[in-house]
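*Asks:* Input sequences plus hints: build the corresponding full structure.
Spelled out from the first residue to the last, the chains are:
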Amino acid sequence: MERIEEKKNKNIEYKPILESIPEWPVYQLSQNRKAFLEGVIEKSIKHIHELRPARKQLIDELRVTVFREQNRIKRNRWRIDPKDDSAFWKHIKTELNSIENGSQEGEGNKEEELLFEIVSRYAYEIAGNFKPSSYRLARKITKFWFVRLLNGARVKKFGAIFRSKYTLRDKIHIVGKVEMLRRLATKGTVVMVPTHFSNLDSILIGWVIHSLGLPAFTYGAGLNLFNISIFSYFMNSLGAYKVDRRKKNLPYLETLKTYSTLSIENGAHSLFFPGGTRSRSGLIEKQLKLGLLSTAVEAQRNIYLENKTRKIFVVPVVLNYHFVLEAPDLIEDYLQLKGQERYITEKDKYRSFQLLRFLFKFFLKGSNISVAVGPCLDVIGNRVDDEGNSLDDRGKIINTKEYFVSDQKVVVDKQREKEYSRMLSNKIVSEYHIVNRIFASHLVAYVAFEIWIHRYPKLDIFGFLRIPEEDLEIPYETFQEMFRKIRKEIYKLKDEKKINHASHLKGKIDVVIKRGIENVGIFHLKRPILMDNKNNIITHDIKVLYYYHNRLVGYDLEKYF
Amino acid sequence: MILKNTSELPIGVIGSGNFGTVVANLLASHREVLFFIRNENSFNDIIKNRHNRGIKLHDKVKPVNDLKFLVSHCDVIFPIVPSTSFRSMVKDMAPFLNPYHILIHGTKGFDIKLADGETLKSAKLLSRLQVRTMSEVIQEESVVARIGCLSGPNLSKELAQRQPGATVIASHFKEVIHIGKRLLRNDRFQVYSNDDIIGVEIAGGLKNIIAIAAGMLSGLGYGENAKGLLISRGATEMIYLGQVLGGHSKAFLGVAGIGDLVTTCNSQLSRNFTVGYRLAKGEKLTDILQDMKEVAEGVNTVIVAKKCAEFYHARPLITNAIYKVLFESLTVQEALDYLMRHPLNFDINFAMPEVESNEEL
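Protein chains in written order, with our numbering: chain A, 1 to 561; chain B, 1 to 361.
Hints may contain errors.
[What the hints assert, rightly or not] To be clear about the criterion: a stretch of chain B counts as covered by chain A if any three or more of its residues have a C-beta under 8 Å from a C-beta of chain A, and this derived list gives those stretches: (1) 88-98; (2) 143-157; (3) 165-176.
I should point out that these hints are in silico values taken from the structure, not numbers from a laboratory. Computed from a prediction, not measured in an experiment: that's the story for all the values here. Cβ coordinates follow ideal geometry from the N, Cα and C atoms, glycine included.
*Replies:* Spelled out as structure tokens, the structure:
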């Protein structure tokens, strides 16, 4: 099989921007872990009081929390949940009931104690635990095995496993505003916000951060990842904090947000997936979760409020794969969700073994990954220059602080900041689309799918996906013509700086198509697109094709079909 | 919470039309006002006479003709200039604007972006990216984030006479609404708030279409039943178009929607009404427009609404009928007959005109 050639990477070995681990913000945070968490608890409680000022409101909120938590324990239990979960919530419930039954006054502030107990429990549960020793170890193990696997796979001789000729950098292409990111990470606090397609993202981005010479970031990682032991090990040691998406109660959300705000405020570079979960549809995220994004805005405001000037930079990052391991399940979830309102539980079929096998295949067959680093933004969504100055569209320097000013002073206005988070979110989404790097495989999937669906204008997507795969084929010439046309449009969009594409998209059309087809969802059991012996384009799995096709939705290219 | 003790920076008003002058006077009862007048001659006149367009200026209104001076001395500014010159006005201000500025505009209408060499008439279709509301123009051209819009049944003459009236301030920012309310409200002038700024802006633009239709009915000599019919069907069509253009229906039911629509349809002196009236009397559009000093905003709005609706495969019946009268030599009577015969007769069904009829005019 022919491998896709990328323009040779510059292959720079990035020097760490901070010399030793003790200088890393995340390390300093972990050194003062106890004091930090006490700060989180105190501020979270303060926020909850602001939201639920009356005693009765607070008690009601706690009751709701207990109800939901007990429900979660009953319905959706995970391996990593603490053993004393149900005992704890039972205890809270009993205590709450005693407030209700006992006298109104005199009992003191029992609900305050309960709130403190709950918030503390959450804070310690969320908190990451960065340990330099295990960070180093994890990094070494990753590198050791990745490099060995890589060599064994490439050279195809067992003995080669013990040599380290190739590096990960040959495989994973990091493009975009890397220098800017490195520079600004020394000037301010970076909040990295990548797209989220696969569980692999978390490990990948960890490796990327390390290989760019950046200090470890604090990570907001879905708790479900900690269910998978291999991930759990890496994440714990890389400074990850845990985000449990099953918990939607107010005390939890406030604690989580406060945790994020305070660590950003303290200068720890942070990372979270603003889409919330993996993109089910394969579409680039269109709507981001404002909760965690708003913590960046809030942290910046707090910094200004204290009359400091340290700036927060938001960096969108797009991850591109030819192949997403979970694609068939993700798209299935998506279709079910869209087709009928239904509760979907997170299922992670892939355990450590499958992942290792995948990684091996990944290196063996040579499927590339690209990581595109977008331009740095301030917390309102303005682009910034190399010095970290915010610029407006006409290149004028703006003082970000002034966004938080009313009547000539910085003030707290949550409603206003919510709008700013929304503006930031829109900007991130549009940057995603701009730095998105189209692979030949994406384009092949897109063109084939659009040709087919345009043959059935009367069917909705569900109707269309029920058409038997045998009925779908495209003569090669038709396909080639359309592919050429759309590729041209993508070039145009690139000139207008609305999209980006991998360099392998250029060149002889037949070669590009062939490479594309060979790489779409390369390791799936049923291939989403292939060529039969009469040179027709056919599919074995239209749903998965739909998934990969979605990567190119949002550029208004449908009109050319 | 915010702004208990306001510092006493003056408020800026840009645009010396009737409405701008009235707003400047309203503001002046609360705060000192800097009133920008671009034209040197009228500036000198106003300085001398303290009158603008027959309206006496409040003592606290200070005319200026230095835009930079105004922008750097005010943090709250009300731009009230015609939609056709709105973008260039924002561009002029942009170098001096900062993120702490609050802009509350009082301009109804749309800004149209056309390709080089294209005119509104020659453009085949218009997408929403080409049809911008004033708040979107401010966003595109400046760093200002806190934007509001002032809209409602606000006939300048009546406001100047201190007749009772109301307006809507729409913004995504509560802060902007608070400030707008505090600065404009008085015992004769009520201010409502709305968080759907796009909806309010679209309503303010689209009502001009219905104003032309009101003139037409009057020109044909029809009375109050017909007007009731027109206003209710017109409101439905505005909501329908508004949804196509990205507004929520609620904005259309309020003061800036129905309120403004009823006022406009009853105000017989407006240019839009006159266009409709004279068309119904059998005159040609070109002749009518020749007599008018300024273009009736509604004529352009009809073109914009029709071409934009087409882009999104929507079919606004009244708008399309008026378009044919204006540009495709359908007579007013024929258009009316068509609408009266039309098989669609649900009273309220906002998703209505889209699917059902394929009958072409």
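*Asks:* With reference to the structure, classify each hint as holding or not holding.
*Replies:* Each hint, compared with the structure:
1. 88-98: Three-residue rule met by the segment 88-98 of chain B, so holds; n is 3.
2. 143-157: The restraint on the segment 143-157 of chain B holds, since 3 of its residues have a Cβ under 8 Å from chain A and three suffice.
3. 165-176: As far as the segment 165-176 of chain B goes, the hint holds, because 4 residues have Cβ atoms under 8 Å from chain A.
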